[in-house]
Amino acid sequence: MSTPAATRGHDATRRLVDTVGQLAADRFTGRRVGTAGGRAARQWLAGQLRAAGAATRVETFPVTGVRELTGTPTLAYQGRPLTHRRDWAEHVTGAGLPVEVTGSVITTDAGDWRGRFVLVPGLDAALTARAADRRAAGVLVPRGVDEAGWMPKMITGPAPLPLPLPVVSLRADLHAELAAAGDDVAQLTGRIPVQVVSTTGANLHGVFCRPAPGGRSVLLTAHYDGVGDDPQQRFPAAADNASGVAVVLEAARRLAGTLPAGTGLAVALLDAEEAGALGSAHHVAHLAGEFAVGTTVLNVDGAAHLDGAAAIEAGGPADELLDALDTAGRAVGVALRAGPMASDNRRYAAAGLPAVGIGMGMPGYQTPAETPDRVEPDTLSAATRLVTATVRALIDRTRR
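Residue numbers (UniProt numbering): 1 to 400.
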């Protein structure tokens with residue numbers, strides 16, 4: 001006796017929600033590349049892929065330039081503690097401050113910068129080097145916050161890193177307040193125990209079926225890494241990108257065993273996207289002979305809050321893929337709009353593959369507020385339907 005469609009849909013939604021909750025759990029510690037939590041998450045995901053019928057393998061690759069807090073950072077203004085990642089945050093390009101330092105706050109017009117924190121209007125490598133030459137304690141740049149008052153966390157920045165002295169991002173209104181106070185009026189006391197580390201990333205691949213010569217091949221991708229927990233607070237990374245991983249897994253489950261003979265289906269769960277999309281860069285650099293000609297890539301990064309329409313970015317020879325997406329969106333009732341998706345899809349497109357990035361929102365993006373309860377089950381289901389229907393529309397075009 002067949003299972004009613006409503007029951008199957010309920011089971012699928014439950015799996016989607018459970019996957020997000022599992023990946024965002026404390027034991028995976030935010031899933032930063034190279035951490036025990038990231039490795040444990042990958043092992044759990046490998047079990048999910050195997051249970052769905054995939055043959056799995058892991059590919060490792062080197063990762064450099066990742067910033068890691070080795071202790072709880074502190075910053076106080078006139079003796080009043082400021083809240084990390086709300087009032088201030090270490091800038092991704094700056095050096096650490098391993099021991100506590102107290103210094104007055106000045107503008108660039110001050111004559112003596114030695115031992116002082118210098119307010120600057122924005123990050124400027126030359127000005128930072130000048131501040132280092134003049135023995136400043138650090139530079140202070142303004143930064144905005146999200147709608148909940150958080151400064152999203154970043155773990156890597158443009159090379160070379162770090163700049164020659166600490167760079168502290170201050171909440172923009174606090175930065176303006178200090179500038180208005182005048183030189184040598186306010187004092188800051190801070191310690192920023194941060195180091196730049198090299199580590200190893202690992203992509204998890206699952207192959208459900210290999211294509212026949214000349215057959216259609218589909219690769220579903222999502223990055224499973226996050227920015228990782230701070231020493232004093234959690235970064236669950238539920239929307240970015242536990243939600244995308246959940247969608248890719250569920251879409252693969254639905255497609256596996258139902259595609260026409262000779263059609264290839266594979267999944268790549270990628271590491272180190274938060275460190276510069278290094279997992280997908282490694283994959284495309286080592287995929288010679290792995291993908292059939294005409295392999296199509298669908299990447300999901302964020303499927304937590306569908307606000308009107310899904311963001312779509314296509315690259316490579318993607319006209320047929322866009323037609324399939326349009327057909328699928330109309331069929332499953334998901335509106336589409338062109339929008340930037342700065343994720344792993346760009347690596348595949350740059351390698352000449354038809355690739356699309358799909359995004360449906362990331363509430364709490366890279367903050368402690370990025371929790372599983374903010375990932376909407378209806379959005380997870382909509383994203384899964386869209387991916388599944390797009391693949392089927394591509395297959396239909398192949399059979400015509």
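Treat the hints as calculated values from the structure; they're not laboratory data.
Any given hint might turn out to be false.
What follows is a set of in silico ranges between Cβ atoms, one per label pair, in the way DEER data are often shown [claimed, not checked]:
no.: 1; residue 1: 330; residue 2: 107; range: 32 to 40 Å
no.: 2; residue 1: 50; residue 2: 83; range: 38 to 46 Å
no.: 3; residue 1: 322; residue 2: 83; range: 41 to 49 Å
no.: 4; residue 1: 62; residue 2: 185; range: 23 to 31 Å
no.: 5; residue 1: 317; residue 2: 257; range: 27 to 35 Å
no.: 6; residue 1: 27; residue 2: 109; range: 46 to 54 Å
no.: 7; residue 1: 27; residue 2: 352; range: 35 to 43 Å
no.: 8; residue 1: 50; residue 2: 330; range: 33 to 41 Å
no.: 9; residue 1: 176; residue 2: 285; range: 21 to 29 Å
Here a beta-carbon is modelled for each residue, glycine too, at the ideal position from N, C-alpha and C.
Hints, verified against the model:
{"no.": "1", "hint": "330 x 107: 32 to 40 Å", "in the structure": "violated (57 Å)"}
{"no.": "2", "hint": "50 x 83: 38 to 46 Å", "in the structure": "holds (43 Å)"}
{"no.": "3", "hint": "322 x 83: 41 to 49 Å", "in the structure": "holds (44 Å)"}
{"no.": "4", "hint": "62 x 185: 23 to 31 Å", "in the structure": "violated (47 Å)"}
{"no.": "5", "hint": "317 x 257: 27 to 35 Å", "in the structure": "holds (29 Å)"}
{"no.": "6", "hint": "27 x 109: 46 to 54 Å", "in the structure": "holds (51 Å)"}
{"no.": "7", "hint": "27 x 352: 35 to 43 Å", "in the structure": "holds (39 Å)"}
{"no.": "8", "hint": "50 x 330: 33 to 41 Å", "in the structure": "holds (35 Å)"}
{"no.": "9", "hint": "176 x 285: 21 to 29 Å", "in the structure": "violated (45 Å)"}
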